[in-house]
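Undergrad: The sequence shown begins at 1 in our numbering and counts up one residue at a time.
What the hints contain is simulated information worked out from the structure, not anything from laboratory work.
Where is the CB? At the ideal position from N, CA and C, for every residue including glycine.
It is possible that part of the hints are untrue.
Listed next, with one range per pair, are the computed distances between beta-carbon atoms [stated by the list, open to error]:
1. P5 / G169: 56 to 66 Å
2. V180 / G389: 42 to 52 Å
3. A138 / C14: 23 to 33 Å
4. V17 / A179: 27 to 37 Å
5. P207 / P27: 31 to 41 Å
6. V210 / R402: 17 to 27 Å
Derived pair list, reagent style EDC-like, types lysine to aspartate or glutamate, alpha-carbon separation capped at 20 Å [stated by the list, open to error]:
7. K239 / E300
8. K292 / E305
9. K239 / E309
10. K239 / E305
11. K239 / D293
12. K239 / E313
13. K292 / D237
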Amino acid sequence: MEAVPARARAYVACVAVAALLCLLPLPAVRTPWSAVALLAALYAGCEQAAARWRFAGTFHPVLLAGAFLLPPPAAALVVLPGALLSPVEQRPRWLRRIWRAAQLAVGVWAAARVHWAMDGRDAVVASDFPYALVPAGAAVLTFCLVLSALDGGILALADRTPVRRARRGLFLRSLAPVAVHGLVGLMMAVLWRSPYGPVAALLVLLPMCVSWWVFAQYHRERAAHQATIRALVQAVDIKDEYTRGHSERVGQASMMIARELGMDDARVEVLRFAGILHDVGKLGVPTRLLRKDGPLTPQERRVIELHPEYGHEIVRGISFLGEARAAVLHHHERLDGSGYPYGLMGGQIPESARVVAVADAFDAMTSTRSYRRARPVDAALEELERCAGSQFDPRMVTALVRALARHGWHPAVTADEPGVPRPRPGVVGRLGVRR
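Let's have the full structure, built from the sequences with the hints guiding it.
TA: Below you can see the structure in the form of structure tokens.
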């Protein structure tokens, strides 16, 4: 990302100027410089350790402890050494360092300002609980709001993302982890002001470091899962060029259905994986059959209909997929028992497979292929509703209709040639979908 838009650079410069303005009152403020130096060194050390061990995120407890202990300009100063000297992999590196330092400095200054305005410093010195939680909570909320607003601004300017979409969810996603960091920062501040002094405050970081390490391992494992899925999907897209991008869209539609049904986030993620991997079994189907121009013989069709079983064999050893494996195996089953590979009926078909079946058919109908044009969304939904009860689960169809009414759908062209499609006879299912 060498080329950062000029408007994004200007935005970073404005936030940097705001950070400098936060520091301007320092000469006139009575500042405990030893505490500033110790916290700044501690934060810089944590950032270096995070980069070396590839931990995720910023170590906010030290910054929030500074917001609870120091005057606002001094609290903002704690950020600068660690943020400006921390390793950055992507370019332009100095611009990214300046952005990170300026953003955090403004956020910490705002949090400290709110904390001091609510007499939080006196509550920390006196260990006045539970009142000390009130200004600390307000400071954490302020910190999250400022960081979310600034992040949304840079996303909107750098990536041309609409402002509303850029800011959507940023605050809620950051609130829970930052609230935990805020509690640790408050404990540090209270112990710092206690007779035990800074050494006791630093001991609070030990369990936090352990939990941070565990969280980093979770993110590494999650990244490995995503890489595994991405590699499988890319292999399918290369082999079956006429459905390129189809897997990702089926994953998105499956996720929309799952959310509309009120499933929890963990299960929604599994259903997304199911949609993405539903056609992975095509890796076991001869390429000449997937790309055949003429009609398929009954024997060739039987070979293609083996792809759910091939897919299940491919993913059965991937434990994190959970019920997604059943969806890969059964997404071509039909409620009336005429589907494949096992001819299951009604409730015998796993719920995950019924979700993916609807998402798969919907995207196939609304995507332009080399052998036919895409159907309009309304026409595809009408066809799904017509087949509900015989081929598809009516609950899943209704959930998709409601989700699309809320969020809309933007079907993509997946054929190599997006112009006028040429006729291509072949095996066409009841929905006009090559199965």
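Undergrad: Out of the numbered hints, which ones does the structure contradict?
TA: 1, 6
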